[in-house]
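*Asks:* Going line by line, the protein sequences match chains A and B.
Take the first sequence: its position 26, counting from 1, is numbered 25 in numbering that gives the first Met the number 0, and each next residue is one higher.
Take the second sequence: its position 173, counting from 1, is numbered 172 in numbering that gives the first Met the number 0, and each next residue is one higher.
Hints are not guaranteed to be accurate.
[Stated by the list, open to error] Output of the computed footprint for chain B on chain A, the stretches with three or more beta carbons under 8 angstroms from beta carbons of chain B:
| # | stretch |
| --- | --- |
| 1 | 15-23 |
| 2 | 46-58 |
| 3 | 100-109 |
[As the list claims (entries may be wrong)] Residues from chain B shown here face chain A by an in silico Cβ test under 8 angstroms; the list is partial:
| # | residue |
| --- | --- |
| 4 | 281 |
| 5 | 284 |
| 6 | 285 |
| 7 | 287 |
| 8 | 292 |
| 9 | 293 |
| 10 | 296 |
| 11 | 313 |
| 12 | 317 |
| 13 | 402 |
| 14 | 406 |
Because the hints were derived from the structure by calculation, they are not lab data.
Ideal Cβ positions, reconstructed from N, Cα and C, are used throughout, including at glycine.
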Amino acid sequence: MAAETILVVDDEPPLRELVRVSLGDGYQFDEAADIEAAWEKAHERRPDLVVLDIMLPGGSGLDLLRRFREDDSLADVPVIVLSAWQTGEDEQAARAAGADAFMPKPFAVDELARVVDELLEGAV
Amino acid sequence: MTRSSLVTRIVAAATVIALAVGALFLVFVLSLSTLRRATSRESKAKDVTVAALQLDALTADLESGVRAYVSTRKPRFLEPYNEAKREWPGSVSRLRNLVRGDVVQERRVQRVSDQFRSYLSDYSEPIIAIAEVAPEAARSSESEGRRRLDSMRRGLLQILGTENARSQQRIADANGIARRAEIAGIAGLAASIVLVLLFGAWVARAVARPVRRAADAATDVAAGDFEVRLPERGVGEIAALGIAFNSMTRSLEESRKAVLQQNEQLQASERHKSDLISMVSHELRTPLSSVLGFTRLLLDRDFGQEEQRRYLQIVDTEARRLASLAEDFLDVRLLEEGRFDLDVEPVDLVTLVREQVLLFFGTTREHHLELDLPLASVVVDADRDRLAQVIGNLFSNAIKYSPDGGSIEVRLRIERATARLSVTDEGVGIPREHQERIFEKFFRGGAVAAGIGGTGLGLAVAREIVEAHGGEIGFRSTEGIGSTFWLRLPLSGSAPLDDLEPEEPEARPVHAQQQTRR
Chain A
0 MAAETILVVD DEPPLRELVR VSLGDGYQFD EAADIEAAWE KAHERRPDLV
50 VLDIMLPGGS GLDLLRRFRE DDSLADVPVI VLSAWQTGED EQAARAAGAD
100 AFMPKPFAVD ELARVVDELL EGAV
Chain B
0 MTRSSLVTRI VAAATVIALA VGALFLVFVL SLSTLRRATS RESKAKDVTV
50 AALQLDALTA DLESGVRAYV STRKPRFLEP YNEAKREWPG SVSRLRNLVR
100 GDVVQERRVQ RVSDQFRSYL SDYSEPIIAI AEVAPEAARS SESEGRRRLD
150 SMRRGLLQIL GTENARSQQR IADANGIARR AEIAGIAGLA ASIVLVLLFG
200 AWVARAVARP VRRAADAATD VAAGDFEVRL PERGVGEIAA LGIAFNSMTR
250 SLEESRKAVL QQNEQLQASE RHKSDLISMV SHELRTPLSS VLGFTRLLLD
300 RDFGQEEQRR YLQIVDTEAR RLASLAEDFL DVRLLEEGRF DLDVEPVDLV
350 TLVREQVLLF FGTTREHHLE LDLPLASVVV DADRDRLAQV IGNLFSNAIK
400 YSPDGGSIEV RLRIERATAR LSVTDEGVGI PREHQERIFE KFFRGGAVAA
450 GIGGTGLGLA VAREIVEAHG GEIGFRSTEG IGSTFWLRLP LSGSAPLDDL
500 EPEEPEARPV HAQQQTRR
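Using the sequences plus the hints, can you model the full thing?
*Replies:* Here's what the structure looks like:
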């Protein structure tokens, strides 16, 4: 079985790398630094899961999430939202936009791996 | 509008009313005293009538006495005559006293008195003497006696008639006066009532109504309506009340506005503070995520030596980022306290700019750098690290605020004994409404919404540093087209910029520059 594809959207290269290393070699990774690049990447190769930062140059990650949810092919892709704005409102907004999980920064790497596993198993 | 006082007006009106009522009362009293005089004259006329009628009766007694004696020659018949003769002078003098002052009547009384004396001396006394000796002869003279007495009685009737006529006249006069007094009294009463009513109406209009209005307005003010105003006209005190009231409501309104404004400022500063806290928190979390995350991975998992090194490198970089953030906050504190310790030495700007260019433009692939530096060195007296911080800030802003890439032009020139460094990008630019505030610390404009990270401290600190070096910093920007930030520093050994000409307006607008460059 082909390895699942995870799209990591964050404007900070170290953060993208952290997500990649945390989740390990069992996945294929696509990366994007802003929402337009992420949109293109998602259409080039449909991701099995998206790790999405909220604060991105050129527009909020939640805007991208809403576009995913309205897109026929991407509507049911599980999305984990990361945010450095650690407020209850942020989590509510993320859930309202269609996030499957919300993780405040800084996040525990094991926790991220666990949530990713859960979501991918649920999707199968 | 005259501002005569209310008290003056009320006193004046009361005086007018008092004078009018007093005048009417005077007329009334004068009428009454005239009436009283007329009445006393009338009673005197009655006394005159009584006295004249008494004399008339005495005259009748004289004649009948003489006639009876002449016919009978009996002395007892002479008694009424003698009685009348005795009483006559008293009666005449009483009548004379009554008519004293009335020349016509006095003359008439005198004539009757004369006629009486001549009747006694020329007729009655001689006839009585003759009757004793020759009764026939005396009887034949009776007609003479009647003629004289008739003349006397006519005189008396004249006096009586005149006196009665005068009395009638006086009664008529007195009635007239009484009627006039009555009319004057009623008219005066009516006039007084009208005056008092008019005065009351005026007081109501000039005083009661404005006071009522003031009370209503005060109620409105109590209910929180500070825009209510009273008319500032009317008599003195009322106008003064209006002016004072309006000044009160104006000042209340101003106070309320001031309080509201203060409150708004407080709320804004409160919002600002909470924005600031969440922004600081956000800025700390991003590098902290990498530091904690990679540390945890390094501790928990086994990596090859090369990977370990790479992750430690990331941890180091991100930890330095945290340290630099801490520096920025410290700088802000120093900036707020107004003390920068500058470690000044001669610094070659060309070298410094090259170093910073390598540091900042080494990592970006989207931006195309155009570097325009002089061949010779450009030396300024500066704190090397601080100046590097400023230049680095301008470079990092140029990269950060042109997320779509494009050209970034870095140019260093010597102009009029100053070094001028400019950094031009083709980025998002600064909206006009934000341009005045971009050097404010913590001001981020639309950067938060655009997802551009930062603390809003860079430019505030940069300006403080440049000004501490005796230089100046500025910018030119058009939203959606790009920005040019420049700074000028005095060349080593020259005077601070305050003594030099200010920055000349740029000949070409930013977008024109960029068009020529494209």
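*Asks:* Taking the hints in turn, state whether each one holds.
*Replies:* Verification of the supplied hints:
1. Using a Cβ-Cβ cut-off of 8 angstroms, 4 residues of the stretch 15-23 of chain A lie near chain B, which meets the minimum of three, so the contact claim holds.
2. Check result for the stretch 46-58 of chain A against chain B: holds, 5 residues qualifying (beta carbon to beta carbon below 8 angstroms, three or more required).
3. Counting residues of the stretch 100-109 of chain A whose beta carbon lies closer than 8 angstroms to any beta carbon of chain B gives 7, which meets the minimum of three for the stated coverage.
4. Because the smallest distance between the Cβ of residue 281 of chain B and any Cβ of chain A comes to about 4 angstroms, under 8 angstroms, the interface hint for this residue holds.
5. Taking 8 angstroms as the C-beta cut-off, the interface hint given for residue 284 of chain B holds, the closest approach to chain A being about 4 angstroms.
6. Checking residue 285 of chain B against chain A: minimum C-beta separation of about 5 angstroms stays under 8 angstroms; hint holds.
7. At about 5 angstroms, the closest approach between the beta carbon of residue 287 of chain B and any beta carbon in chain A falls short of 8 angstroms, and the interface hint on this residue holds.
8. Interface restraint check for residue 292 of chain B: the shortest CB-CB distance to chain A comes to about 4 angstroms, inside 8 angstroms, so the restraint holds.
9. The interface hint given for residue 293 of chain B is met, as the beta carbon of that residue sits about 6 angstroms from the closest beta carbon of chain A, less than 8 angstroms.
10. Annotation: interface hint on residue 296 of chain B holds; nearest CB of chain A at approximately 6 angstroms, less than 8 angstroms.
11. Interface restraint check: residue 313 of chain B against chain A, minimum CB-CB distance 5 angstroms, threshold 8 angstroms, status holds.
12. A least Cβ separation of about 6 angstroms between residue 317 of chain B and chain A falls short of the 8 angstroms threshold, and the interface hint therefore holds.
13. Nearest Cβ of chain A to the Cβ of residue 402 of chain B: about 4 angstroms, under the 8 angstroms cut. The hint holds.
14. The criterion of a C-beta within 8 angstroms of any C-beta in chain A is not met by residue 406 of chain B, whose closest approach is roughly 18 angstroms, and the hint is violated.
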